[in-house]
Each structure stands twice: as C-alpha cells, then as structure tokens.
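Undergrad: When you get a sec, could you build the whole thing from the sequences and use the hints?
There are 2 protein chains.
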Amino acid sequence: MELPIAPVGRIIKNAGATRVSSDAEKALEKALDEKGTEIILNAIRHAKDSGRKDVNANDMTHAIHYNNCNITNVNGQK
Amino acid sequence: MELPIAPVGRIIKNAGATRVSSDAEKALEKALDEKGTEIILNAIRHAKDSGRKDVNANDMTHAIHYNNCNITNVNGQK
Numbered sequence: 001m002e003l004p005i006a007p008v009g010r011i012i013k014n015a016g017a018t019r020v021s022s023d024a025e026k027a028l029e030k031a032l033d034e035k036g037t038e039i040i041l042n043a044i045r046h047a048k049d050s051g052r053k054d055v056n057a058n059d060m061t062h063a064i065h066y067n068n069c070n071i072t073n074v075n076g077q078k
Numbered sequence: 001m002e003l004p005i006a007p008v009g010r011i012i013k014n015a016g017a018t019r020v021s022s023d024a025e026k027a028l029e030k031a032l033d034e035k036g037t038e039i040i041l042n043a044i045r046h047a048k049d050s051g052r053k054d055v056n057a058n059d060m061t062h063a064i065h066y067n068n069c070n071i072t073n074v075n076g077q078k
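In order, the protein sequence lines correspond to chains H and Y.
So in this note's numbering, spot 33 of the first sequence is number 33, and the numbers just go up one at a time.
So in this note's numbering, spot 34 of the second sequence is number 34, and the numbers just go up one at a time.
To be clear, the hints were calculated from the coordinates, so they are not data collected in a lab.
Hints are not guaranteed to be accurate.
Ranges of calculated distance between the beta carbons of each label pair, as one might list FRET restraints [claimed, not checked]:
id : chain 1 : residue 1 : chain 2 : residue 2 : range
1  : H       : 51        : Y       : 66        : 22 to 28 angstroms
2  : Y       : 52        : H       : 50        : 44 to 50 angstroms
3  : Y       : 66        : H       : 50        : 28 to 34 angstroms
4  : H       : 54        : Y       : 66        : 32 to 38 angstroms
Ideal Cβ positions, reconstructed from N, Cα and C, are used throughout, including at glycine.
TA: Listed below in structure tokens is the structure:
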C-alpha cells in the first residue's frame with residue numbers, strides 16, 4: 001500500500017468522524033489505494049486509445065467518471 | 001486536499017504509467033480525497049444505523065462496497 005495512514009486519518013476527521021477503529025482506517029486506506037490503481041489503469045487505456053503514451057488530465061478525468069467517482073474535474077465542474 | 005502527491009505518484013508508477021502530467025496526478029489525488037470522504041460518510045451512517053458512535057471495520061467495508069469500490073475487505077476477501 002502506498003498511501004500513508006495519517007492523511008487518510010485527516011480525511012476521516014474532516015468528514016466529522018471522531019471514533020474510528022484502526023482496522024477501519026486501514027480498510028479505507030486500502031480501498032483508496034486500489035481505487036487509485038483502477039482509475040490510473042483506465043486513464044492509461046484511454047491515452048492508448050487516443051494514440052498517446054502520455055497520460056493527461058483529460059484521460060484521468062475520463063477514468064474517474066468511468067470508475068463511478070462523482071467528483072469535480074480539474075476545472076472545478078461536476 | 002489531504003492526500004500528499006508523492007504516494008499518489010507511486011500508485012501511478014506501480015500501475016505502470018511512466019508519463020503522467022502533473023494535472024492528471026492532481027486530478028487523481030482530488031478524486032481519491034473525495035472518494036474517501038464519500039466512503040467515510042457512508043461508514044458513519046452505517047454505524048449510526050446500528051446505534052453506535054464508533055466506526056468499525058465492518059461499517060467501513062460496507063461503505064466501500066456501497067460506494068462501488070470493488071476491493072478486498074480487511075480479511076483479504078473480495
């Protein structure tokens with residue numbers, strides 16, 4: 001796993017949770033790590049489909065939406 | 001945003017991507033940050049529904065699956 005536990009703990013605190021078990025924190029860390037891998041693999045595929053080796057923000061935004069992450073894009077739009 | 005960029009960059013490298021723009025990295029960081037918030041909010045709700053204030057690994061695993069993260073749970077099972 002690549003993500004450090006401290007910032008994951010901050011995400012948890014920011015969301016208003018005060019009492020979260022260590023196992024629960026680790027589960028979230030693992031989920032985000034795996035979700036990140038899933039997204040980048042889709043972004044790489046999207047770049048390849050466009051005939052590029054470079055992964056740009058557009059590939060990543062596409063992959064994020066493809067992976068059901070309902071987030072704002074790099075321009076701040078949903 | 002809470003997640004530092006370096007470990008997000010390592011997730012990207014581990015997935016085999018070599019050339020990824022800085023904007024694309026930031027977009028992934030943002031997506032994981034927001035996905036993490038979404039998951040913990042669901043985990044908190046799950047704990048409350050069970051009459052608890054403490055968020056445990058079970059709440060988190062439930063929330064992860066609810067949020068379409070197809071990951072292994074804390075016991076290593078899909």
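Undergrad: Next, verify each hint and record whether it holds.
TA: Results of checking the hints against the structure:
no.: 1; hint: H/51 x Y/66: 22 to 28 angstroms; result: violated, 37 angstroms
no.: 2; hint: Y/52 x H/50: 44 to 50 angstroms; result: holds, 48 angstroms
no.: 3; hint: Y/66 x H/50: 28 to 34 angstroms; result: holds, 33 angstroms
no.: 4; hint: H/54 x Y/66: 32 to 38 angstroms; result: holds, 35 angstroms
In this structure, the one hint that does not hold is number 1.
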